[in-house]
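Undergrad: Sequence:
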Amino acid sequence: EGKREQYREKNRLAAAKCRAKKKENVDVLEKQHRELNAQNTALRFQERQLRDELSHLRTMALHHTP
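The sequence shown lines up with residues 438 to 503 when you count with my numbering.
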């Protein structure tokens, strides 16, 4: 009976360690997801600004052609 209890305790600790590691990995991935979403939002905003600037410059160029 003692060996069985030792086995169960060892298994319980291993399972807890596995769950903790999995949670840590999920937390890292969720943080990375938030950071990438923020970066994506900033890049989309920058793209919109550059497209607007390009449109403005093209309009100016068309009005200044001889």
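Calculated directly from the structure, the hints in this document are not laboratory data.
All values reported here derive from a predicted model rather than from experimental measurement.
A portion of the hints provided could be inaccurate.
What the hints assert, rightly or not - Each computed DSS-like pair below joins lysine-lysine, with the alpha-carbon atoms no more than 25 angstroms apart:
| # | residue 1 | residue 2 |
| --- | --- | --- |
| 1 | Lys447 | Lys458 |
| 2 | Lys459 | Lys447 |
| 3 | Lys468 | Lys454 |
| 4 | Lys468 | Lys458 |
| 5 | Lys454 | Lys440 |
| 6 | Lys468 | Lys447 |
As the list claims (entries may be wrong) - Here are the simulated distance ranges between beta carbons:
| # | residue 1 | residue 2 | range |
| --- | --- | --- | --- |
| 7 | Lys458 | Thr478 | 27 to 37 angstroms |
| 8 | Lys440 | Val463 | 43 to 53 angstroms |
| 9 | Lys447 | Glu484 | 29 to 39 angstroms |
| 10 | Arg441 | Leu480 | 53 to 63 angstroms |
| 11 | Glu461 | Arg441 | 27 to 37 angstroms |
| 12 | Ala457 | Arg495 | 50 to 60 angstroms |
| 13 | Cys455 | Leu494 | 51 to 61 angstroms |
| 14 | Tyr444 | Gln483 | 54 to 64 angstroms |
By construction, the Cβ of each residue, glycine as well, lies at the ideal position given by its N, Cα and C atoms.
Undergrad: Take the hints in turn and mark each one as holding or not.
TA: Hints and how they fare:
Proposed proximity of Lys447 and Lys458 is supported: the alpha carbons are some 17 angstroms apart, at most 25 angstroms. A distance of roughly 18 angstroms separates the Cα atoms of Lys459 and Lys447; the hinted pair therefore holds under the 25 angstroms criterion. Straight-line distance between C-alpha atoms of Lys468 and Lys454 comes to about 21 angstroms, which keeps the hinted pair within the 25 angstroms bound. The hinted pair formed by Lys468 and Lys458 meets the criterion: a straight-line CA distance of about 15 angstroms does not exceed 25 angstroms.
Among the hinted pairs, Lys454 with Lys440 is consistent with the structure: their alpha-carbon atoms are about 21 angstroms apart, no more than 25 angstroms. Between Lys468 and Lys447 the CA atoms are separated by roughly 32 angstroms; this puts the pair beyond 25 angstroms, and the hint is violated. Judged by the Cβ atoms, the range 27 to 37 angstroms given for Lys458 and Thr478 holds: they are separated by roughly 31 angstroms. The given range of 43 to 53 angstroms is broken by Lys440 and Val463, whose C-beta atoms sit roughly 35 angstroms from each other.
Between Lys447 and Glu484 the CB atoms are about 55 angstroms apart, so this pair departs from the stated range of 29 to 39 angstroms. Distance hint check: the CB atoms of Arg441 and Leu480 are about 58 angstroms apart, consistent with the given range 53 to 63 angstroms. In this structure the hint that Glu461 and Arg441 lie 27 to 37 angstroms apart at CB holds, the actual value being about 31 angstroms. Distance hint for Ala457 and Arg495: a CB-CB separation of about 57 angstroms, consistent with the stated range 50 to 60 angstroms.
A hinted range of 51 to 61 angstroms for the beta carbons of Cys455 and Leu494 is consistent with their spacing of about 58 angstroms. A hinted range of 54 to 64 angstroms holds for the C-beta pair Tyr444 and Gln483, which are about 58 angstroms apart.
Violated hints for the displayed structure, listed by number in ascending order: 6, 8 and 9.
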